[in-house]
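Per my numbering, residue 22 is the first one in the sequence shown, and the count goes up by one each step.
Think of the hints as simulated: they come from the structure by calculation, not from any bench. Because the structure is a prediction, the values reported are computed rather than measured. Hints may contain errors.
No more than 27 angstroms apart at the CA atoms, straight line, and that leaves these computed lysine-lysine pairs for DSS-like [as the list claims (entries may be wrong)]:
id : residue 1 : residue 2
1  : K46       : K56
2  : K92       : K46
3  : K92       : K144
4  : K92       : K58
5  : K58       : K46
6  : K56       : K92
7  : K131      : K144
What follows is a set of in silico ranges between Cβ atoms, one per label pair, in the way DEER data are often shown [said to hold, decoys possible]:
id : residue 1 : residue 2 : range
8  : R82       : D189      : 43 to 49 angstroms
9  : D72       : G52       : 22 to 28 angstroms
10 : V45       : N116      : 16 to 22 angstroms
11 : D91       : P181      : 49 to 55 angstroms
12 : P153      : A218      : 18 to 24 angstroms
13 : A34       : E134      : 25 to 31 angstroms
14 : D158      : K58       : 18 to 24 angstroms
15 : A194      : T149      : 27 to 33 angstroms
16 : D91       : R171      : 34 to 40 angstroms
Glycine is no exception: its CB is placed at the ideal position from the N, C-alpha and C atoms.
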Amino acid sequence: MSYGLSVYLVDLALVRGAIGSGDVKLRRMIGGRFKQKMAQADEWFEDQIQDGAPPRYEALRAVIEGGPFDKNFAFQYGYAYQMICEFHGRYLFNNHFSPFRGAWLEEVDKGFEQLGVKAVGVKAVYDTPPAPIPSSDLPCYGEWTVEACREGLAQWAASPPEQRDEVDDEVLAAIESCVDWMREADAHDRGIAIFMA
Numbered sequence: 022m023s024y025g026l027s028v029y030l031v032d033l034a035l036v037r038g039a040i041g042s043g044d045v046k047l048r049r050m051i052g053g054r055f056k057q058k059m060a061q062a063d064e065w066f067e068d069q070i071q072d073g074a075p076p077r078y079e080a081l082r083a084v085i086e087g088g089p090f091d092k093n094f095a096f097q098y099g100y101a102y103q104m105i106c107e108f109h110g111r112y113l114f115n116n117h118f119s120p121f122r123g124a125w126l127e128e129v130d131k132g133f134e135q136l137g138v139k140a141v142g143v144k145a146v147y148d149t150p151p152a153p154i155p156s157s158d159l160p161c162y163g164e165w166t167v168e169a170c171r172e173g174l175a176q177w178a179a180s181p182p183e184q185r186d187e188v189d190d191e192v193l194a195a196i197e198s199c200v201d202w203m204r205e206a207d208a209h210d211r212g213i214a215i216f217m218a
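Whole structure, please, built from the sequences with the hints as guidance.
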């Protein structure tokens, strides 16, 4: 099975603030913008919905209302939160992480460590979504704050070219992609939200 990352440049406080906000206007705007995408998701998860999972729009409603959540179908709330991030944010190019197999994220983080970059890591995607959204296997979620991105950029800048030459070419290319994300975060004073599915 292969996985992929979806990476968004976002104001982390803004998207976290949507959880439990009760903002009906936001829910309706997201519902309107992603109407077709939600219909496709409901078709994709038809069996789970027949077994009691909320349709995507109802999952979005629960996230914005702060519950109630059915932990048996936690994946729907994770995808609803991803829609909030997509609505408020900007998708970042991530060709080195879609698709990937096996321990690729661990390999990239080892490359980061080899270069002395400790402020960020792609394994952050194994964190849990913001409370009170229940955690699920997929989508996985992680985030990098703008402060972590700035620290990561400084650590990257401190790694000499000869040290970078010692890193596997594919791993280095993936790291350079992450550096681009951090530069975007720094330039726009935003954080990074990362989903894996």
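Hints versus structure:
For the proposed pair K46 and K56, the alpha carbon gap of about 15 angstroms is at most 27 angstroms, so the pair holds. For a cut-off of 27 angstroms, the pair hint linking K92 to K46 stands: about 26 angstroms separates their Cα positions. Distance hint between K92 and K144 is fulfilled; the C-alpha atoms sit about 24 angstroms from each other, no more than 27 angstroms. Between K92 and K58, the direct Cα distance comes to roughly 23 angstroms. Compliance with the 27 angstroms bound is thereby established for this hinted pair.
Proposed proximity of K58 and K46 is supported: the alpha carbons are some 19 angstroms apart, at most 27 angstroms. With a C-alpha separation of about 24 angstroms, the suggested pairing of K56 with K92 holds against the 27 angstroms cut-off. In summary, the hint linking K131 to K144 is supported, as the alpha carbons are separated by about 10 angstroms, within the 27 angstroms threshold. Taken as a hint, the range 43 to 49 angstroms holds for the pair R82 and D189, whose Cβ atoms sit roughly 45 angstroms apart.
Remark: the range hint 22 to 28 angstroms for D72 to G52 is upheld by a beta-carbon distance near 23 angstroms. The beta-carbon spacing between V45 and N116, approximately 37 angstroms, falls outside the hinted interval of 16 to 22 angstroms. Separated by about 52 angstroms at the C-beta atoms, D91 and P181 satisfy the suggested range of 49 to 55 angstroms. Taken as a hint, the range 18 to 24 angstroms holds for the pair P153 and A218, whose Cβ atoms sit roughly 21 angstroms apart.
Distance hint check for A34 and E134: the Cβ-Cβ separation is about 29 angstroms, which falls inside the suggested range of 25 to 31 angstroms. The hinted range of 18 to 24 angstroms is satisfied by D158 and K58, whose Cβ atoms lie roughly 21 angstroms apart. Look at A194 against T149: about 29 angstroms separates their beta carbons, and that is inside 27 to 33 angstroms. Checked against the hint of 34 to 40 angstroms, the C-beta distance between D91 and R171 comes to roughly 39 angstroms, which is consistent with it.
In terms of the numbered hints stated before, the structure departs from hint 10 and from no other.
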